[in-house]
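S.K.: Build out the structure end to end from the sequences listed, making use of the hints.
2 protein chains.
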Amino acid sequence: MDECGPNPRRSMLTWLVGGSQVLGLVAVVLTGVWMGRYRGGFAWDGSAQEFNLHPLCMVLGLVFLQGDAILVYRVFRNESKKSVKLLHGTIHLLALIVSIVGIAAVFDFHRASQIPDMYSLHSWCGLATLVLFCAQWVLGLMFFLFPVASAWLRAVYLPLHVFCGVVLLVMAIGSCLLGMTEKLLFSIRTTYSTLPPEGVLANSLGVVLVCFGILLTFIITNEEYRRPPNPEELALSVHFKTLTEGAASPTP
Amino acid sequence: MDECGPNPRRSMLTWLVGGSQVLGLVAVVLTGVWMGRYRGGFAWDGSAQEFNLHPLCMVLGLVFLQGDAILVYRVFRNESKKSVKLLHGTIHLLALIVSIVGIAAVFDFHRASQIPDMYSLHSWCGLATLVLFCAQWVLGLMFFLFPVASAWLRAVYLPLHVFCGVVLLVMAIGSCLLGMTEKLLFSIRTTYSTLPPEGVLANSLGVVLVCFGILLTFIITNEEYRRPPNPEELALSVHFKTLTEGAASPTP
Numbered sequence: 001m002d003e004c005g006p007n008p009r010r011s012m013l014t015w016l017v018g019g020s021q022v023l024g025l026v027a028v029v030l031t032g033v034w035m036g037r038y039r040g041g042f043a044w045d046g047s048a049q050e051f052n053l054h055p056l057c058m059v060l061g062l063v064f065l066q067g068d069a070i071l072v073y074r075v076f077r078n079e080s081k082k083s084v085k086l087l088h089g090t091i092h093l094l095a096l097i098v099s100i101v102g103i104a105a106v107f108d109f110h111r112a113s114q115i116p117d118m119y120s121l122h123s124w125c126g127l128a129t130l131v132l133f134c135a136q137w138v139l140g141l142m143f144f145l146f147p148v149a150s151a152w153l154r155a156v157y158l159p160l161h162v163f164c165g166v167v168l169l170v171m172a173i174g175s176c177l178l179g180m181t182e183k184l185l186f187s188i189r190t191t192y193s194t195l196p197p198e199g200v201l202a203n204s205l206g207v208v209l210v211c212f213g214i215l216l217t218f219i220i221t222n223e224e225y226r227r228p229p230n231p232e233e234l235a236l237s238v239h240f241k242t243l244t245e246g247a248a249s250p251t252p
Numbered sequence: 001m002d003e004c005g006p007n008p009r010r011s012m013l014t015w016l017v018g019g020s021q022v023l024g025l026v027a028v029v030l031t032g033v034w035m036g037r038y039r040g041g042f043a044w045d046g047s048a049q050e051f052n053l054h055p056l057c058m059v060l061g062l063v064f065l066q067g068d069a070i071l072v073y074r075v076f077r078n079e080s081k082k083s084v085k086l087l088h089g090t091i092h093l094l095a096l097i098v099s100i101v102g103i104a105a106v107f108d109f110h111r112a113s114q115i116p117d118m119y120s121l122h123s124w125c126g127l128a129t130l131v132l133f134c135a136q137w138v139l140g141l142m143f144f145l146f147p148v149a150s151a152w153l154r155a156v157y158l159p160l161h162v163f164c165g166v167v168l169l170v171m172a173i174g175s176c177l178l179g180m181t182e183k184l185l186f187s188i189r190t191t192y193s194t195l196p197p198e199g200v201l202a203n204s205l206g207v208v209l210v211c212f213g214i215l216l217t218f219i220i221t222n223e224e225y226r227r228p229p230n231p232e233e234l235a236l237s238v239h240f241k242t243l244t245e246g247a248a249s250p251t252p
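Just so you know, the sequences run in chain order A and B.
Residue 48 in the numbering used here sits at position 48 of the first sequence; the count goes up by one each step and never skips.
Residue 45 in the numbering used here sits at position 45 of the second sequence; the count goes up by one each step and never skips.
Every clue listed holds true.
Treat identical chains as interchangeable: a pair holds within one or across any two.
Below are the SDA-like pairs computed for lysine to any residue, each with C-alpha atoms no more than 25 Å apart in a straight line:
1) LYS85 with LEU16
2) LYS81 with TRP137
3) LYS85 with PRO229
4) LYS85 with CYS164
5) LYS183 with VAL200
6) LYS183 with SER193
7) LYS183 with ASP117
8) LYS81 with LEU145
9) LYS183 with ARG39
10) LYS82 with ARG10
11) LYS85 with LEU158
12) LYS183 with GLY199
13) LYS85 with VAL98
14) LYS82 with HIS161
15) LYS82 with GLN136
16) LYS183 with SER123
Honestly, the hints are just simulated from the structure, not real lab data.
M.R.: Written out as structure tokens, the structure reads:
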């Protein structure tokens, strides 16, 4: 059994998940410190302080919360699949709401300061990520929480849903790094090459985000850390297999 | 058998690989056009034209060739594993040489123009990618081409080698996007927001690189497109399994 006695794989998974949480929290804190200490703090008044909410919300929502929403399938191994699904969808919804606040902050700041929108590579990649993230959430809801799709269609869609989830997390991290590079070149262009504390902090944040992405992808894609099906799910899966492939090979 | 008669999976793989090659070549051509038409062409004299070799070499070497080196395991399905391994290592070596020329170009340009090195997030991510790429190549050579490691150690290292390969490809694409954002903000900062042709071309190049990465990752990580072992490899694998796990379960 997976859960009985000390299991080196489970122990390693605990360390990896713990490490990912430390990295994710460090990323959120570093973003807060960067915007709070070096860029004047936060507000919602169309000023540069409103813009500062944008990086904080995107790192918190589209990176940390999205990553954790994916991780629940590796962390909660004994709970019913339905409960884990609900948690997965709820954290994703929270990530979506925080990200939309972050996007609204930058559009509002641009409008107030008469700065054009959607011209940079960061904005193209970032908005594409958010739109696809919305689509992924809606499709996930329809396919896996509401009984819209057949069992066959769900089985066909599942690997694509998982693949797109990892792609969206990587795209979110990439978009954050592009935005950080833009922000640094707009704010400290003349001193950046002397590596002032703000530049070192922002570069370090970038490295932390990359490490968070690598660690999460490692946990998610590693077959050894997959959540084992509980007895009822296994029975249902065998029943489905028997129905679709005939009774000749009830076990894999 | 995988190769006999029309096979929808093989047919889909052919289309996907073809699509990835189109995207990869379009990326290389767009980089060449950007640097050739909008940034004054190429030279090796410490001028800005020498810098222009940097993006071209990195997109060609660290993205297109690295991607193709990984793809050989999906494309060449009937050749001996040793031949495919040799091709994999050789294309990677070519990718490494082209990338080192690209790195030399930017360091030489910086030296001639007295521009500081290694201060930006792009430079941190890019150099980390190249150093890890070198390490991955050397380790791959020792583990899989020269008989340094035991069969057990090779089997343990293989999944990590595959995972790191995909991570390095994604890091290479991310580093390219960061470099492109830097280049755009250094070159057309005042006009970028009006989306001039150079800005549209560079942004489109970014989108093409992202699509190349997604398509390649989809092909590489999809179990259905894995290269099936040929009869001799299967016999060897069964022999190895029998030796290590006992004769009780000679087949998976």
